[in-house]
Amino acid sequence: MNQPQPRVQDPGRLMALASLELVPGDPQRLLDQIAGVATALLSATLGASVITWNPQTEEYVTAASTVPGQERRAVATSVRRTGGMTRAIIDSRRPMIVTDTTTSEGNNGRLIDEYGIRAFVGVPIMSEEGVLGVLYVLDSEPREYDAGELAFMETLASRAASAMGTAAYIQELESTSTEHRDTVFRARDDRKRADAVARVANALMTVHEPEEDLRVVADGIGQALRADRVILVTVDMIQRKVLHQVVGGREAHQIGPLSYEQLMDGLTGWAIGNRVGVTSNEPDTRESEAARQTRVDEGSGPMVIVPMFFTDRLAGTLTVIRGVGKPPFSQPESATIEVMASQAKLALERHRLMAITRQSLEETESLLETAVNLMTITDPAVMLKSIVEATTAALPADMAEAHLVDTATQSVHHSAVAGYTDSLSDPWDGLLGAALRGSEGVLSSSPDDPGESDPSRAARVERGIGPVAVMPIRARGQVLGVLLAGNKEGGAPFDDHDLDLMAALVSMASAAITNVRLLAEN
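So the sequence shown is numbered by numbering that gives the first Met the number 0: it starts at 0 and just counts up by one.
FYI, nobody ran anything at the bench for these hints, they're computed from the structure.
Among the hints, a few may not be true.
Claimed, not checked - Distance ranges between label pairs, derived from CB positions:
no. : residue 1 : residue 2 : range
1   : 425       : 496       : 22 to 30 Å
2   : 326       : 72        : 53 to 61 Å
3   : 99        : 210       : 54 to 62 Å
4   : 292       : 326       : 21 to 29 Å
5   : 449       : 284       : 39 to 47 Å
6   : 425       : 87        : 31 to 39 Å
7   : 492       : 461       : 14 to 22 Å
8   : 377       : 460       : 32 to 40 Å
9   : 496       : 457       : 28 to 36 Å
10  : 496       : 68        : 33 to 41 Å
11  : 297       : 272       : 17 to 25 Å
12  : 68        : 450       : 47 to 55 Å
13  : 272       : 377       : 51 to 59 Å
14  : 407       : 457       : 27 to 35 Å
Don't be surprised by glycine CBs; every beta carbon is placed ideally from N, CA and C.
Produce the complete structure using the sequences and hints provided.
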């Protein structure tokens, strides 16, 4: 695979990307839009194509293309599921650049010959769930692609992944809403329950804060089912804590704050672990002994617990309780609780999607601002300071540091730090040294990471740094330096999305540094 030629990002292209509004409603229209944008903004002489991939079935699903004479179906059905360039990009999760197909080995596929493809770039479209497809830019003559063009394609692919994920969520939301409307219609013989569900659904159509939406659901259940206690919680399974707790019912005043451990120790933990709703009329063997005793002490009788999963993600749980000696919940009542839980789940998912959209826009604006700033800087030290400040703002992170180094002489040319600490790490030691010697980003949740040496671990503890993310700065296969982002001890860990943001920042930095060096040489 050829390496991209160095070049600073095109500001006009970045401005166009920042103002681009991908429409997630129609999946095919979305793919057509992505292919059209890639063709126009990268001046592809032959066109661009997008092909989507189902990682579960390992099949190509659909495609879009601006290549003259190339039909969508031909793209999806002609690409090999095993072997070949597209599958190689999917399996490696890395871009592929071929500047001349006539001289590059392994690029003699039928589509290349049939459509006269002489150069191309393919980048994976990736989300948290895996690779969703591949975006290609195709040229009819040999072409040297620069780093700015590759960075733009990767950013466009990231935007495409976000829009494709949103489109999938919208389809699931619509499907789920249809199923739950059917459940409501089956329960219309009990007008009170149906009216309560309708009131909750109407109330949730207006955008509220998450706790306000949970309050609407809790009040609706309390009124419809003569429930003594209603408990709605949202949880963070990674950080093991309760995020929101809303209570309702006639005995709501008797419900105190619940901890994550209390939830998981009782019947709620069993329901979450088995991903099923639970109906229980008395202390249950699926609960711990302590939880059973608490249930007796609090006078809790029949209860229904519904874990609110959206695909593989737990949004929260809904628990409805009646006192000892009161009648169990009937099947229609349990069905109503399920519907109410789904209403709450959809409302929470809407809030999550809105937050992701806002975050995506903020990240794009931040990256655009950083790219524009870097193009005006000619001093490497000032440039490095700009990168660490952009890192703390974009992730966000409590601190960030960066080093420009010479690996041949083991010397540090420039260092910069931003955030709550002004001290620096030794770039040759611990995780930073490993990143300089390797090529991958690194995530570490605590100083106890085995990748840290004793000195680097001690320095990390002394500076109060907990989770970190480390990314090497490279250009054309050469190590230029390393970037580290950190949160204070006890802070939130970083994830793959943070590494992706750091990779984008590092890509801009390496292009800017290379550009400064080229200017200096000339």
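Numbered hints the structure breaks, given as an ascending list: none
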